[in-house]
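Colleague: Chains as they are written, first to last, in my numbering: chain A, 1 to 248; chain B, 1 to 248; chain C, 1 to 248; chain D, 1 to 248; chain E, 1 to 248; chain F, 1 to 248; chain G, 1 to 248; chain H, 1 to 248.
Everything labelled a hint here was simulated from the structure, so no lab data went into it.
The structure presented is a predicted model; accordingly, all values stated were derived computationally and were not measured.
Hints should not be assumed to be uniformly reliable.
Have a look at the derived ranges for each label pair, beta carbon to beta carbon [said to hold, decoys possible]:
hint : chain 1 : residue 1 : chain 2 : residue 2 : range
1    : B       : A19       : H       : E69       : 40 to 46 Å
2    : A       : S194      : G       : A150      : 52 to 58 Å
3    : B       : D89       : A       : S194      : 30 to 36 Å
4    : C       : R170      : F       : K118      : 31 to 37 Å
5    : A       : S194      : B       : Q5        : 55 to 61 Å
6    : H       : E11       : A       : S194      : 33 to 39 Å
7    : H       : E167      : G       : E147      : 54 to 60 Å
8    : C       : R170      : D       : D97       : 31 to 37 Å
9    : F       : K22       : E       : F101      : 48 to 54 Å
10   : A       : P76       : B       : Q171      : 51 to 57 Å
11   : D       : S26       : E       : E99       : 55 to 61 Å
No more than 20 Å apart at the CA atoms, straight line, and that leaves these computed lysine to aspartate or glutamate pairs for DMTMM-like [unchecked claim]:
hint : chain 1 : residue 1 : chain 2 : residue 2
12   : E       : K70       : C       : D153
13   : C       : K22       : A       : E11
14   : A       : K22       : C       : D153
15   : G       : K22       : F       : E11
16   : F       : K70       : H       : D153
17   : A       : K22       : C       : E147
18   : G       : K70       : E       : E11
19   : E       : K70       : E       : D89
20   : C       : K70       : B       : D153
21   : F       : K114      : F       : D89
22   : F       : K22       : G       : E11
23   : B       : K22       : H       : E11
24   : G       : K22       : F       : E4
25   : H       : K22       : B       : E11
26   : B       : K22       : H       : E4
27   : E       : K120      : E       : D89
28   : F       : K22       : G       : D153
29   : E       : K22       : D       : E4
30   : C       : K22       : A       : E4
31   : E       : K120      : E       : E142
32   : D       : K22       : E       : E4
By construction, the Cβ of each residue, glycine as well, lies at the ideal position given by its N, Cα and C atoms.
8 protein chains.
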Amino acid sequence: MDQEQLRALLEQVRGGSVAIDKAIESLRHMPFEDLGFAKLDHHRTLRHGMPEVIFGQNKAPEHILGIAEKLLERNPNLLATRVSQEAADLVRSQILDAEYFPLARVVRVWRDRKVLGKGKIAVVCAGTADLPVAEECRLTLEVMGNEVDAIADVGVAGIHRLLANLERLRQCRVVIAVAGMEGTLPTAIGGLVSAPVIGVPTSVGYGSHFHGLAPLLSMLNSCASNVTVVNIDNGFGAGYSASLINRL
Amino acid sequence: MDQEQLRALLEQVRGGSVAIDKAIESLRHMPFEDLGFAKLDHHRTLRHGMPEVIFGQNKAPEHILGIAEKLLERNPNLLATRVSQEAADLVRSQILDAEYFPLARVVRVWRDRKVLGKGKIAVVCAGTADLPVAEECRLTLEVMGNEVDAIADVGVAGIHRLLANLERLRQCRVVIAVAGMEGTLPTAIGGLVSAPVIGVPTSVGYGSHFHGLAPLLSMLNSCASNVTVVNIDNGFGAGYSASLINRL
Amino acid sequence: MDQEQLRALLEQVRGGSVAIDKAIESLRHMPFEDLGFAKLDHHRTLRHGMPEVIFGQNKAPEHILGIAEKLLERNPNLLATRVSQEAADLVRSQILDAEYFPLARVVRVWRDRKVLGKGKIAVVCAGTADLPVAEECRLTLEVMGNEVDAIADVGVAGIHRLLANLERLRQCRVVIAVAGMEGTLPTAIGGLVSAPVIGVPTSVGYGSHFHGLAPLLSMLNSCASNVTVVNIDNGFGAGYSASLINRL
Amino acid sequence: MDQEQLRALLEQVRGGSVAIDKAIESLRHMPFEDLGFAKLDHHRTLRHGMPEVIFGQNKAPEHILGIAEKLLERNPNLLATRVSQEAADLVRSQILDAEYFPLARVVRVWRDRKVLGKGKIAVVCAGTADLPVAEECRLTLEVMGNEVDAIADVGVAGIHRLLANLERLRQCRVVIAVAGMEGTLPTAIGGLVSAPVIGVPTSVGYGSHFHGLAPLLSMLNSCASNVTVVNIDNGFGAGYSASLINRL
Amino acid sequence: MDQEQLRALLEQVRGGSVAIDKAIESLRHMPFEDLGFAKLDHHRTLRHGMPEVIFGQNKAPEHILGIAEKLLERNPNLLATRVSQEAADLVRSQILDAEYFPLARVVRVWRDRKVLGKGKIAVVCAGTADLPVAEECRLTLEVMGNEVDAIADVGVAGIHRLLANLERLRQCRVVIAVAGMEGTLPTAIGGLVSAPVIGVPTSVGYGSHFHGLAPLLSMLNSCASNVTVVNIDNGFGAGYSASLINRL
Amino acid sequence: MDQEQLRALLEQVRGGSVAIDKAIESLRHMPFEDLGFAKLDHHRTLRHGMPEVIFGQNKAPEHILGIAEKLLERNPNLLATRVSQEAADLVRSQILDAEYFPLARVVRVWRDRKVLGKGKIAVVCAGTADLPVAEECRLTLEVMGNEVDAIADVGVAGIHRLLANLERLRQCRVVIAVAGMEGTLPTAIGGLVSAPVIGVPTSVGYGSHFHGLAPLLSMLNSCASNVTVVNIDNGFGAGYSASLINRL
Amino acid sequence: MDQEQLRALLEQVRGGSVAIDKAIESLRHMPFEDLGFAKLDHHRTLRHGMPEVIFGQNKAPEHILGIAEKLLERNPNLLATRVSQEAADLVRSQILDAEYFPLARVVRVWRDRKVLGKGKIAVVCAGTADLPVAEECRLTLEVMGNEVDAIADVGVAGIHRLLANLERLRQCRVVIAVAGMEGTLPTAIGGLVSAPVIGVPTSVGYGSHFHGLAPLLSMLNSCASNVTVVNIDNGFGAGYSASLINRL
Amino acid sequence: MDQEQLRALLEQVRGGSVAIDKAIESLRHMPFEDLGFAKLDHHRTLRHGMPEVIFGQNKAPEHILGIAEKLLERNPNLLATRVSQEAADLVRSQILDAEYFPLARVVRVWRDRKVLGKGKIAVVCAGTADLPVAEECRLTLEVMGNEVDAIADVGVAGIHRLLANLERLRQCRVVIAVAGMEGTLPTAIGGLVSAPVIGVPTSVGYGSHFHGLAPLLSMLNSCASNVTVVNIDNGFGAGYSASLINRL
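So here's chain A without its partners, still in its complex pose (with noise of 0.2 Å):
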């Protein structure tokens, strides 16, 4: 039942061609998300500043290049994660404006640069090796409004390199920090900056790295009390959080 229905209902209400009894028990027997609650889709993008991203893992080029098209139509902005080259290919021959990050693997289309975060979020990794989860966190970042810092090259067993680099860092908002290996990264911002750290576990490792639960583990048992966690490789749900850490 949409509101047009609705309305046709509480017009027979008015007009008394329906009992109130009987308009109640329609009520309840109506789908309840008809009655407004399915603004939360219709909202979404103004809730959260951007539409539905694309998952690209598993998913065929047709496939992708469909669900943009339609996701364009009523939002400036998109971001597909994961998607291989050949599909990059298919969308950026349709769709003119979209960037393909290979690094990354993200695809982007980004209209409208409006900023919408208060400040400035950094994006830090140790490693070239966590260069590509770095970079999807990045573009999500930006497509999402946000002025973005990104640090590479900083790892704990050189922590000059931090230190020397903690200004920066102390001037954001939020840290996002992605790490490999033993993933320390996170903990030894999180003792030098008062802002909230963002952790991100790379797979990037070898042996009894676990193809990222060593990082993984070393983040969730931070001795640093600011610090919380996202899935290994997921550079997109940090950049994510962070931006609505960033609206606030």
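Position chains B, C, D, E, F, G and H against the provided structure of chain A, taking the given hints into account.
Modeller: Frame of chain A, contents of chains B, C, D, E, F, G and H only:
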């Protein structure tokens, strides 16, 4: 080298009794943290709004009391987590305005009740078994200067109770979702609000729950993009991070 | 907004004192669950045939008693699982027809003994060590209105005992197989009957049993296609699901 | 010893040419399955409504074709799961009415379309990535004689879409909930319906998902009591068990 | 149907009072295990040389006593493992020749001391902490009729002690190697003898030992080809299998 | 120091040109393995009945051929496991009587076909997918001089097929049970025979099978006492140990 | 065969009463370790600077005392780890100069206080909860003849405290870093010093710490190349290895 | 602020153009690492004897070449690990004295061959499959200025081969033991030598080996006290730590 030493050195430079090359050398060998770096520690309270918290587990009652007394010399507020009844009794015998919350196993001294957060923070939990963790979280939030809206008994298997609290949830700047069992609460809430959500898995469950592993993995894999996670049973950490966010 | 409020609103619509657009707006902002959605909860008993069960673990005896008394106000039957002897004694001192089953650690009030299931349900277990879980399962089934055929000491290493009970098993509409150790019972039964089989791994074992992980994995990988699985030691859950199936 | 041999023996007993003691001894040493026990196998189709299914993984195309042809001699219907395109092409070149469903990787021969189940079975899944498993499930249900109501794109993070399908779910006798990521769908549905719910975790996810472990544990620990679980990606097993339930 | 019933049926066949078709039908519906199949159980002692063993864990003292008395009616020897001192005291108060071995937590009644094995079996362990498991193994071997050569304190880190016992090891038909810590003993022995070696990992260790997982994996991955493995701490199982081998 | 050196030393002792104290000192510093200890290696063939086997995985084809040719100089028989088709082709081009078994991925040279085992060994497997491992086992047994009774397609979910082969199983001195999925076959067989049973878990399965972990744990926790276990997919190891047992 | 036997044999060779061939044969069959190999054991003290240490866990107090008394007969120093207060009391009642360190649970007899190491060894730990393990390490180092520089309360989240101790760390030949929680200390130190660093993960933590697994994995995956690792809580092992290095 | 800036500031202090208080403030806000702290990096070569190593995995060939050229500007030697053939070809086309070791997948430039270590380091491995890791280790040791004694094919199952190399092992200052399978080599060696032993588990194995977990756990639980461990397959890390020890 503290500031007095630094001042003395500079005065010797000015007076000419120390050559510039020698002064550079002296500066190079000074423990650098004394050149102002120690402000990290001194301004910690200012930065985060409260001093080092006492993690009471595996600490002797006398030890906890000693640290507590020392910390209270320079801070009005104190939080000690995972404190046994025995240790709490000792602390309260000496620090008269200390409160003990046996469910959360927290000792709190709350002398400065200034509100520092800009909005409310929701602490939601699913079952009565999650209450100890939710309570630790609430006490942390309060002593760090936040208004808290605590909502209990809101599980996903009875989703109407969650929906009935939707308006309250939407009025909060941050939502903390505490859940054991299968840990779905953060995901369900994450889809309903536009605030950042911090998930706290609890060790409540049995069998393949593996002491909190099940809800931890569930939360890390949340299909809601606005969820970050802290360690199992880490109500304090969730409260700490949420406090930082709420001051932004 | 409850039904009285809804009725009042509709009468105002009929009387013309509220415009239809305004009524729509009011409906839109009403907590939707009050528009009949709350029936989810009210009719819960009717739907599943029994009220919320009390999970007694980590609950204080007084707490369990309180919930039990409240639930018995609107339901004739009650089941509380994982109840200590101490809590059971308290409950039985106040609720005189409550029974305690120490092996299964279950408290049961069974006032309405109407049979609701259409056939028998078998509860089979391999060793005496599995009896507590099998017993929790049997008590759940009974209080939910099922005839139960309990068969103990039927292991795969002595397969003739299983085969000797084949006819009894084949006369049941659902078979629940409770097994620790290597957990093969559901698979063996699954190949012999055409009924749905629910496997319950138990935490009985040692070493590489890992508190039930071994039979859990064994059951999930069963080469018998008619086996589904519940959590380790979850005799209640198996009984609950089997009850629903037996009413079909 | 088949029945002919048994008959011959009994006739010798009747005729006196074999002494009773000797007949007992002969019976004792007969392969017992020939004394009627083999009916287990012969009546398998009758009991479960379909023959042995072919699990195509790791089987050569020629092997799959050979089994398929043999099984079709005595059964009108056939299901082969995890079949490669190459194997499917071979099968379809020889069995002309065989269909191949590449998404589900299933080959199906569906000659006898009699409805055997008493009601409808819902197959619900959260994301497009879960569709292969949901599809395997649907195809199994159909070929075993069930009416299926397939509902896609119903996740917990967008819970209104789940609620919008509530009436459809409530009209089904069994609900199968297929979910990757954090695997909350069975729990959310379990709280809304009174039917038995079978959860199928899928291997869709990344990082700490551990190829399906996250949703598997989530479902096993469900706070909804009417959920049982099958192995990761085991759409066939869920469909098989649901079919048996639907015939009750 | 026991043999008397079968005999009666055959006599009716001979006498003509039961038609052959009807006799076949009767045979088909007889519980087959009564047609001699039950010999599996009756002859169990004969086959394996000893009756069902009592696994004492989680069993009440009275329960253990009851089973023990019943088993001793038909068998001269008895073994009960994982028996508490309390239960052992009860058993010994009633069964006067029962011995209790507190280190191994075994109760043994050893009335028939006939040697059944063809040669000696070595039981080797590395440290004093492994002695309880080695002792359980030795007691099992003895009561099953084997000569045992027990060799303690033979670890790989002091390999000369192992080599010093080489001749003793080479004179045994089977070697059982019990080891906690890193579990290398079976591998080292396996390379020195040509007998089959059974490895028994023990739960002795700490940290990343994970209650026996480390030596279990070590033994399963042994580079010595003549090593098979039993469950962690399963001294009984190793002794049982070795006994069967020693009778060949 | 080889025997010639030892002989020379002793002759010097006899001749008086070396003092006894000096001879003792010389002996003390001789590499001890040269004093006959090296017989360990030389007599390896004699002890175990065959030389070192080639584990072909991760070895280059030329490398495999080289080892094979060298081993064949002193042994009539050869076994190489986990050999690729490419490596096998190379080996067979040079060693003309070498056979390749592509299912088992084994190369075998079987020139000396003397039977060394005292009885038959059964190799039982449940599904066609377990055949490669069962085949590796069978080939190992044969080349080590055993009569093999290979029984396929005998699963626990169709237990009558297992029972139908009972007599064959009971005529074997050792039974090797190869099983993937839930791995119950060794347990079921263990309860039916009095021979030692060696379980071989296979990596055949999916989802929570975890590449063989499920059947491995199942077998280690077997409630049948006569089961020992080897590593996942280790058909060779099972065959090797069984061969040693069969020669006893 | 001890040296007396060897001397006798050689004298018979010289005297001609034993032929050389026979002497070779005798030597071949002598337990080789008696030909000087046993020096491994006798010279153990000399090699490592201290005798076998007593691992007190799971040993009875009398047992510990007995071993201690025996070891002290030939060594001036003794270390016993994981000793209960009760056992320590017994030991100290008999060995008057034995000390007990209840925090570390170590008994030490330190009669020979000669310094054997060439430089200082640092033992660094992060929190007071790690002190028991750090203390076990320090006591081991001292009794093995090392100068120790113990530095506590130096965590990564307060990195200035670590940096403030940099000069002390750089003056040590080996650094042992003891850490629970997320275990980052060895990595941070490894980047600051050029000495070898030995990481000791501790079991201090909760939730996803998994009793030390988190810091263990963190240390194994350290991005600092000069870090090696010992078992969780193995302060003794770290001290032992560091002692050997410090004597180089 | 570099030294020039610091000199300028001090000259202003001396000249009186900057007040002392202001100078203190300036110093306080200077990036501290510029006050000499940066020597950490500049002197890295001097401290450890070689520059940052290139971890080639997941790096593009051009990227590796670029880093290599830059590093060679200030260092004579270079090591790049986990380098593909393709990347190696590119590097060698530009850096003419670069060598590629395909087994170890290492590129090395070794211009300065000065010996820095004080003694020899042994690199021992058990099987040919462990050679790639042992080779990575050897190449690291050499380029860091050590004499290496590489010993292959020395496994525990053929322990005489290990004993035969005892004297060589005992002449080394550090022993590195590389082992896959069950990983016992470090333990066996640790009991035979008084040098520190570094264990390197390799991922060579199958089934329950879990890609190196089995030998990793085995080594961490070694009953030899002089063993420390590095990550699975981390030949470089073992070589690096051993080099530091060898310079002591």
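Colleague: Hint by hint, note whether the structure agrees.
Modeller: Going down the list of hints, with the structure as the test:
no.: 1; hint: B:A19 / H:E69: 40 to 46 Å; verdict: 41 Å, holds
no.: 2; hint: A:S194 / G:A150: 52 to 58 Å; verdict: 31 Å, violated
no.: 3; hint: B:D89 / A:S194: 30 to 36 Å; verdict: 34 Å, holds
no.: 4; hint: C:R170 / F:K118: 31 to 37 Å; verdict: 44 Å, violated
no.: 5; hint: A:S194 / B:Q5: 55 to 61 Å; verdict: 29 Å, violated
no.: 6; hint: H:E11 / A:S194: 33 to 39 Å; verdict: 36 Å, holds
no.: 7; hint: H:E167 / G:E147: 54 to 60 Å; verdict: 33 Å, violated
no.: 8; hint: C:R170 / D:D97: 31 to 37 Å; verdict: 35 Å, holds
no.: 9; hint: F:K22 / E:F101: 48 to 54 Å; verdict: 52 Å, holds
no.: 10; hint: A:P76 / B:Q171: 51 to 57 Å; verdict: 29 Å, violated
no.: 11; hint: D:S26 / E:E99: 55 to 61 Å; verdict: 47 Å, violated
no.: 12; hint: E:K70 / C:D153; verdict: 16 Å, holds
no.: 13; hint: C:K22 / A:E11; verdict: 12 Å, holds
no.: 14; hint: A:K22 / C:D153; verdict: 59 Å, violated
no.: 15; hint: G:K22 / F:E11; verdict: 12 Å, holds
no.: 16; hint: F:K70 / H:D153; verdict: 16 Å, holds
no.: 17; hint: A:K22 / C:E147; verdict: 42 Å, violated
no.: 18; hint: G:K70 / E:E11; verdict: 80 Å, violated
no.: 19; hint: E:K70 / E:D89; verdict: 18 Å, holds
no.: 20; hint: C:K70 / B:D153; verdict: 16 Å, holds
no.: 21; hint: F:K114 / F:D89; verdict: 27 Å, violated
no.: 22; hint: F:K22 / G:E11; verdict: 12 Å, holds
no.: 23; hint: B:K22 / H:E11; verdict: 12 Å, holds
no.: 24; hint: G:K22 / F:E4; verdict: 14 Å, holds
no.: 25; hint: H:K22 / B:E11; verdict: 12 Å, holds
no.: 26; hint: B:K22 / H:E4; verdict: 14 Å, holds
no.: 27; hint: E:K120 / E:D89; verdict: 32 Å, violated
no.: 28; hint: F:K22 / G:D153; verdict: 59 Å, violated
no.: 29; hint: E:K22 / D:E4; verdict: 14 Å, holds
no.: 30; hint: C:K22 / A:E4; verdict: 14 Å, holds
no.: 31; hint: E:K120 / E:E142; verdict: 11 Å, holds
no.: 32; hint: D:K22 / E:E4; verdict: 14 Å, holds
In the structure shown, a violation is registered for the earlier hints numbered 2, 4, 5, 7, 10, 11, 14, 17, 18, 21, 27 and 28, in ascending order.
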